[in-house]
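Construct the complete structure from the given sequences, taking the supplied hints into account.
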Amino acid sequence: MTTSTPPPGGDATLPTPTPAPVGDATPPTPTPPPVGDATPRVHDDLLTSILKGAVDQDYEVASQSRRGGGRAGGTLTFLVVVAAFGILLGVSALETERAEPVQAAERAELVDQIHARQDRLEGLHATLTSLQDEVTERQATLAGLLTDDDQLGDQLRTLAMVAAATESTGPGVTITVDDAPDAGRVTSGRVRDHDLQLLVNGLWQAGAEGIAINGHRLTSLTSIRFAGNAITVAYRSLTPPYVVEAIGDPDTLPARYLETQAGKVWQSLQANFGVQFDMRPRDEVTLPAAANQDLRYARQRAPR
Amino acid sequence: MIAVLGLLIGILAGLFLEPTVPEALQPYLPIAVVAALDAVFGGLRAHLDGIFDDKVFVVSFVSNVLIAAVIVYLGDQLGVGGQLSTGVIVVLGIRIFSNVAAIRRHVFHA
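Here the protein sequences come in this chain order: A and B. Heads up: the first sequence runs through residues 1 to 304, numbered per the working numbering. Heads up: the second sequence runs through residues 1 to 110, numbered per the working numbering.
Take these hints with a grain of salt, some might be off.
[Stated by the list, open to error] Covered by chain B, per the in silico footprint, the following chain A stretches (three or more residues, Cβ under 8 Å):
1) 77-84
2) 89-97
[Unchecked claim] Between beta-carbon pairs, the in silico distance windows are:
3) K55(B) with Q103(A): 39 to 45 Å
4) A126(A) with G93(B): 51 to 57 Å
5) A99(A) with V80(B): 21 to 27 Å
Everything labelled a hint here was simulated from the structure, so no lab data went into it. From a predicted model like this one, the values you see are computed outputs, not experimental measurements. Where is the CB? At the ideal position from N, CA and C, for every residue including glycine.
In structure tokens form, the structure reads like this:
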């Protein structure tokens, strides 16, 4: 390290191929360019050639071709060029000055935007935290309601069952309905959507608390329709026999059902068209929860 | 003398006439100024060396400004405008420093 390379600043240690140049102080560079040397050496490295090739070389050449020293500046062209330089300086200073307020304004605006977004983010974080707290709280409340045997819990369970929101179990009846045995191609002996609608409405009227047809739980919005030749419940096709399960008092439900209009219509259906109808009381009926449970009218509370 | 006069005229003209630089040329203005500065310091050094020449100064000024601007323009078109203008500024800066060093030596004999 100390012996291999010469110190970078030492002019004297560097060998110069030409003897001392004509009375001009050479710059203190590693390879001082001899001023009198007008022929450039091609093997110089880039930095050296940049250092050597300062403008003076051109002036050297010019003055050598026209001996007798250089002319002092005095022509009109010279004046114009110097003036152009002045204009350049002035204009760029002006441009910089002009651009400054614009840039400052842009920067200020960006800073404002950043602050605004940060505030918004903090607000959202706060909302998130409070919402999470609320969710936790509500879940705890819900769990408390569901486990406690108090009045609210009962109400919640009742409402959930009526709304078909949960699987429900209780005593009830099972009604099996089927087409007339000789229905075949004749359409008169077949159970139609209207018949099932009537039957279900009759059951509601008779005090049923939950109804399912072939395992499809009915809500207040479930449709029973004909599509093609099949009855659909909640847009799912059913095949006969149709098993209607209802939760209700097994002792009173069948009797009350028979007193409704539906019961009478179905009695006449049985008598006139041979449609099969079989109602049996059951100790325990299990109804699944309804499939689609969209909130239709409830809206999310506006975030505070 | 005439140089100082021209410089003053130019600066005053630039400041008070407020010529608007076209938007497309604005990025090249600083580079042009640096290139012009290089030519001016080269001329000053030549003047102190006693070898100043009008024609060389004019040609070197114009060509310096034009070449610097063209190089940066080319770089912008190639997508390396930033790097090329850095290179131009480094080269011109080295030249300016070496010229100013020579001028300093002339003026202060040090």
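The hints, checked one at a time:
1. For the stretch 77-84 of chain A, the stated coverage by chain B holds: 8 residues have a C-beta nearer than 8 Å to a C-beta of that chain, and at least 3 were required.
2. Under the rule that three or more residues need a Cβ within less than 8 Å of chain B, the assignment of the stretch 89-97 of chain A holds, with 7 such residues.
3. A hinted range of 39 to 45 Å for the beta carbons of K55(B) and Q103(A) is consistent with their spacing of about 41 Å.
4. At about 53 Å, the beta-carbon gap between A126(A) and G93(B) stays in the expected band of 51 to 57 Å.
5. At about 24 Å, the CB distance of A99(A) to V80(B) agrees with the hint of 21 to 27 Å.
This entry satisfies every hint, going by the numbered hints stated previously.
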